[in-house]
Structures are given as C-alpha cells and as structure tokens.
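Visitor: Residue numbers (the UniProt record's numbering), protein chains in the order written: chain A, 1 to 425; chain B, 1 to 250.
Calculated directly from the structure, the hints in this document are not laboratory data. One should not assume that every hint holds.
In silico EDC-like links for lysine to aspartate or glutamate, alpha-carbon gap of 16 angstroms or less [as the list claims (entries may be wrong)]:
| id | chain 1 | residue 1 | chain 2 | residue 2 |
| --- | --- | --- | --- | --- |
| 1 | A | 67 | A | 171 |
| 2 | B | 5 | B | 59 |
| 3 | B | 52 | A | 371 |
| 4 | B | 124 | B | 136 |
| 5 | B | 52 | A | 370 |
| 6 | B | 30 | B | 59 |
| 7 | A | 318 | A | 350 |
| 8 | B | 52 | A | 148 |
| 9 | A | 327 | A | 266 |
| 10 | B | 134 | B | 65 |
| 11 | B | 141 | A | 406 |
| 12 | A | 322 | A | 356 |
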Amino acid sequence: MALPQAKQTATEARLAALSLPEGGWSGPARAEALDRVRAMGLPGARDEYWKYTRPDTLVAAEAPVAKVVADDEVPLFDGTDRLSIVFVDGVFDAEASDDLTLEGLTIDRLADAPDIHWAKDLYGRLETHGQTPVQRPLAALNTAFASDGLLIRVTGKVAKPVNLIYRHADERSDVILHHVVKVEEGGDVTLLENGPAAARLNKVMEVDVADGAGFHHVRVQGREHDRRAATHIFARLGTESTFKTFTLTMNGVLTRNDCVVELTGDDAVAHIAGACLGDGDFHHDDTVFITHDAVNCESRQVFKKVLRNGGVGVFQGKILVKPGAQKTDGYQISQSLLLDGDSQFLAKPELEIYADDVACSHGSTSGAIDEDGLFYLRARGLPRGIAEDLLTIAFIAEAVMEIENEDLQAEINARVEAWLGRRRG
Amino acid sequence: MLEIKNLQVKLEEEDKQILKGVDLTVEAGKVHAIMGPNGSGKSTLSYVLSGKDGYTVTDGSATLDGVDLLEMEPEDRAAAGLFLAFQYPVEIPGVGNMTFLRTAVNAQRKARGQEEMSSTEFLKVVREKAASLKIDAEMLKRPVNVGFSGGEKKRNEILQMAMLEPKMCILDETDSGLDVDAMRLVADGVNALRDEGRGFLVITHYQRLLDHIKPDVVHIMSNGRIVKTGGPELALEVEQNGYADLVEEA
Ligand SMILES: Nc1ncnc2c1ncn2[C@@H]1O[C@H](COP(=O)(O)OP(=O)(O)O)[C@@H](O)[C@H]1O
Ligand SMILES: [Mg+2]
C-alpha cells in the first residue's frame with residue numbers, strides 16, 4: 001500500500017539527509033532496513049502509536065539545537081569498579097575509554113568489526129522481529145544508518161559492569177547508535193549507560209539472552225534540558241533467563257523509550273522499570289511491549305513519573321500472552337505524581353491474553369502528593385520541602401528497587417535527591 | 001506548659017463545629033488523661049494542636065510555654081517540643097524507618113540550632129530504645145509503618161517519641177489495638193520518659209491504659225467540651241458506669 005503523500009515526503013526528506021555507511025558484513029541488514037523504512041514511512045502525528053508524543057522533531061531532517069550543559073556533579077557510577085567506554089556525540093573516544101578487554105566477554109565496535117562476525121546473525125534481526133504487530137520505523141532507520149555501536153558477546157559471568165558513557169559536546173549533534181548484546185548460555189552481565197549523548201539521539205539495543213543467562217541494565221539519560229532521544233530496546237529471552245532494565249530520566253525536552261521484550265523460553269523473567277522527573281518543557285514517553293510466548297514466565301513493568309510546571313508523561317504498555325503461554329505472571333503498574341495542576345500524565349495500559357491459566361494485572365494512577373503522609377512527616381519536624389522530597393523519593397522507590405544492586409540503587413536515589421534539591425524554592 | 005483556652009474549632013470544608021470551647025492546662029511533669037465517647041472531638045483536639053489542615057479555629061488559644069501554637073507550621077510546633085502519637089499512624093512506602101527517624105531527629109536539632117547527631121551515636125541510641133520496645137532491626141529497616149501490625153505501629157510511635165524527646169507529648173488512643181503485653185511495653189516506654197520537665201496528654205477511650213500510666217488528672221470530653229475533671233478515680237468511675245452518667249450530668 002502506498003504511503004500517504006505527507007508521510008512519504010517527510011520520510012524522503014529525512015533519508016536525503018543521511019547516507020548509508022560502508023556496510024561490510026552488516027551491509028545486507030542495512031539495505032533491508034532501509035527498505036523497511038521506505039515501506040513503513042517514518043512516524044507522523046496521525047499514527048496511533050504516536051498519539052501522545054509528537055514525532056516531528058525526532059523525524060526532521062535536521063536535529064533541533066540543544067544547548068550543552070556543563071555537568072557539575074561527580075560523574076555517575078564513578079565509585080563503581082567498571083569498564084568505561086566513552087562516546088562523544090556518538091563518536092567512540094579511545095583515549096577516554098578503558099581497554100576493551102574484560103574476562104567473560106568480547107567487545108567490538110560496529111564501525112570496525114571484522115567481516116566475519118557473530119553479530120551478523122543478530123544485527124537488525126530482533127529489530128525486524130519487533131516490527132510486528134506494531135511498526136517501529138525509527139528503529140529500522142537506526143539499523144540502516146547507525147554510525148557506530150558496540151557488539152558485546154558475553155560468554156561467562158562478568159565480574160564488573162560495562163559502562164557506556166555518552167557525552168554531548170556539539171549543540172547540533174545528531175547521532176545514531178546501535179548496540180548488539182548476545183549473552184550466551186550461563187553468561188551474566190551488567191550494562192550501565194549514562195549521559196545525554198547528543199542533541200538528538202536515535203539508539204537501538206538488541207539483546208539476546210540465552211538459556212539460563214542474565215542481563216542487567218541501568219541507564220540514566222543525562223541532565224540536559226534541550227536534548228531529544230528516541231531509543232529502542234529489543235530483547236529476546238531464552239529458558240530460565242533473566243532480563244532487568246531500569247531507566248532514570250531527569251530533564252530532556254523529548255524522550256521516547258521503547259522496550260520490546262519477547263519471552264520465548266519457559267521460566268524466563270523480565271523486569272522493565274523506569275522513573276522520570278520532569279520540570280517544565282519536558283515530555284517523556286515510555287512505550288513497552290511484552291510478549292509471553294512460553295510457559296511459566298514472569299514479566300514486571302514498573303514506571304513512575306514525577307511531573308511539575310507543565311511536564312508531560314506518557315506510558316503505553318502492553319502485555320500480549322500468546323496461546324499456550326500458560327502460568328504467565330504479568331504485572332504492570334504506571335503511576336504519576338503530579339506536583340501541580342499544570343502537569344499531565346497520559347497512560348494506555350493494555351492486556352491481550354490468549355491463554356487461560358494466567359495471572360495478569362495492570363494499574364495506572366495519577367495523583368498529587370499524599371497529604372496525610374506530608375502532615376505525618378511535618379508533625380515529626382521535617383520542613384515541608386524535605387518532607388515533599390522524601391515522599392517523592394518514596395514514590396519512585398518501587399521502580400528504583402527493581403535495580404538488584406543496592407549500591408546502584410543508592411546512587412540513583414542520590415541523583416534524584418540532588419535534582420529535587422536544585423529545583424526547590 | 002500546654003495551655004488551651006476556650007478553643008473553638010470547626011471544619012474548614014463544612015460549617016460544622018467540633019470543639020465548642022475547650023479549656024485545659026497541662027503542667028510540666030504531669031500526666032493528664034482525656035477520656036470520652038467516640039466522636040467527642042478528642043482526635044480533633046490533638047490534630048488542631050499539632051497543625052493539621054482542614055480545621056478552622058474560630059475562637060480561643062493554645063500555647064506551649066507561652067508561645068502561640070496555632071500560628072505555627074506543624075514542623076515548627078514539633079521543633080518547639082510538641083509531639084503527637086497518632087491514633088492512625090500513616091504508612092510511608094519507600095521511606096525506611098531508620099532514614100525517617102534520623103531525618104526527623106536532625107531536622108529538629110537543626111531547627112533548634114543544635115548540632116546534628118552523628119550516625120554512630122544515632123545508631124547506638126536508636127538500637128537501645130528500639131530494643132526496650134521490642135522493635136527489631138528488621139522493623140527499623142522496613143518502610144515507615146508499611147506492613148506493620150496495629151501494635152507495631154503504636155510501638156513505632158513511642159520509639160519516635162523516645163528519639164525526639166519532646167517536652168509535650170500527646171498520645172491519641174495509643175492503647176487501641178494493643179494486647180496486654182504490647183500495652184505494657186508502650187506504657188513502660190511512656191513511663192521511662194516521665195520527668196518533671198515533660199507534660200503528657202493521654203487520650204484514651206478505655207481505662208485500661210491508665211492502670212499502667214498513672215494520670216494525675218482525668219478529663220472527660222463530650223460533644224466538643226471538657227465536661228468533667230477529676231483525679232484518677234474518675235477513670236475508674238468510667239470503667240464501672242460508662243460515659244452515660246457523666247455525660248448526662250454535664
Ligand atoms: N475531617 C473531618 N471531616 C468530617 N467530620 C469530621 C472530621 N474530623 C472530625 N470530624 C467529626 O468530628 C467529630 C469528632 O471526631 P474526633 O475528633 O475524631 O472524635 P474522637 O477522637 O473523640 O472519637 C466526629 O463527629 C467526626 O465525625
Ligand atoms: Mg479519635
């Protein structure tokens with residue numbers, strides 16, 4: 001079917017501003033992805049899946065300018081023993097990065113990986129698979145045009161986290177990064193990501209978690225106000241595997257985080273969590289799609305949003321339980337704390353179930369700060385501001401507690417506290 | 001210490017008078033009890049004194065050591081030495097009990113211009129006081145009041161009181177929902193704090209608690225007023241004859 005004229009024009013305008021990188025082994029996957037983009041067209045305001053978030057600035061040929069903000073805080077995860085890999089406006093910075101060797105995994109760069117590469121079987125595959133039943137054209141665009149990214153193959157239990165640090169230096173940078181993570185049987189890895197990355201970032205991460213393997217992910221999307229990001233995680237989970245991801249977003253004029261997870265092996269566990277704090281010109285969209293296609297799997301989605309001064313939060317979350325996926329345990333909660341009357345939370349939770357022996361629940365709430373709690377704390381001597389901060393941290397705690405590592409939990413909480421402190425008064 | 005004069009209070013939202021002229025003075029070192037039927041305004045009195053929203057004072061005054069309480073923010077009343085053990089302690093999911101206690105202790109110290117308590121000292125003191133109330137380490141770690149039994153919540157209130165060392169303590173039905181052992185623990189906790197510089201206002205529906213915390217003065221409250229004041233024997237009278245006689249007499 002031909003695309004509507006406006007969509008086709010917008011898509012071609014964007015494509016004209018890009019050029020396909022020298023593909024090597026990824027060439028065929030990129031060419032196919034480009035075909036997919038042309039067939040689907042890039043997202044437009046009329047698309048159902050973009051009902052609550054305007055895609056125009058994510059799709060435009062040029063990235064809107066984003067002021068670079070000097071971060072005065074101690075860099076995130078500084079206290080953690082880790083392997084650091086730095087990208088500046090999407091360009092790998094060897095000088096600032098650690099040596100890419102660590103026991104239990106291999107790391108290559110998409111931009112210079114040798115021609116016969118394991119990632120050939122994965123690059124763009126999970127993304128392609130994730131295009132049904134809902135189209136995700138920005139992810140296909142990413143597969144076609146990604147300038148770099150990491151190809152991480154995990155073969156054992158990795159002793160320390162891998163930390164991808166995304167710096168932003170150019171107020172016009174427009175970056176497309178694509179990572180592939182393959183966690184093989186018995187492997188286990190923690191991936192940390194932080195930083196604003198670029199004025200506009202399009203990032204895809206494909207994660208294949210084999211039987212009995214584990215993948216843990218903590219991401220903080222940078223404190224900058226003007227930056228825009230559209231990110232996708234596509235994950236496939238094998239038998240008895242674990243996949244846990246948590247994202248903290250503070251500031252950012254526009255963020256759309258898609259997470260597409262398919263549980264394909266029995267007894268797999270997927271936890272997808274996020275907390276965002278937005279003030280003023282802030283639009284944050286979490287869109288999650290979980291497919292249960294195996295027996296006795298568990299999925300949890302926990303999303304918390306704190307909004308003030310007109311900030312907007314969006315949650316679209318779906319649990320699809322396929323025929324035969326018995327004993328599925330699916331939980332989804334999305335909540336917002338609106339600190340004033342100007343802010344807005346839009347939620348669209350969905351369940352689609354084709355098996356009879358399942359336990360799925362979803363809930364979505366939106367509310368102001370709990371007055372009884374506030375009075376209780378103040379009656380114990382806590383000044384109003386501190387009491388409100390404490391209740392705000394308490395509000396997002398259910399999401400933060402999805403992070404298994406308690407040191408990382410504490411680090412995330414400290415960032416939230418600092419954010420609240422800066423905003424007060 | 002606490003001086004309440006002709007206190008008249010109505011609800012902010014509706015035109016309903018709840019306190020209709022309460023007069024009450026609690027001297028330092030004394031324990032006063034307020035008894036009375038449900039709905040007579042006991043909790044309202046405790047809330048108005050501690051600064052909860054939703055009430056309008058239409059007449060009268062309340063002072064603590066001569067300072068007007070009614071104009072102050074709740075946190076300033078706490079820093080001035082007022083403490084309310086809630087009839088229904090509030091659950092605060094996500095805030096650890098220990099964090100809460102430390103934040104409260106230090107906020108009050110700061111407000112009074114004192115130095116913050118070091119974390120080692122704080123830990124030592126809190127463990128000691130918790131142990132005497134049979135509050136274990138697990139309960140200290142858990143979020144404030146979340147998943148606590150009724151008795152645990154009340155003991156937790158007393159722990160907060162012990163840590164904050166207020167000069168004027170109001171206990172609102174701290175005995176309700178407690179079994180005999182828990183009541184003894186709570187009473188011991190209160191008695192341990194009794195000294196000549198500190199006043200207590202113990203609100204209770206039943207006489208039981210007053211067997212353990214011996215009051216100096218007992219007031220009967222009914223329909224928004226103190227209708228009778230006497231010694232400890234008044235509590236026994238209530239125990240034997242109920243409120244009907246006393247309330248009618250008034
Ligand atoms: N916020 C409120 N809204 C409506 N009615 C209230 C409110 N607070 C108190 N009241 C009413 O005021 C009266 C006194 O209540 P309360 O102070 O709780 O009594 P007590 O503690 O003695 O049982 C009751 O009739 C109660 O229903
Ligand atoms: Mg009451």
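Visitor: What are the numbers of the hints that this structure violates, sorted from low to high?
Guide: 6, 8 and 10
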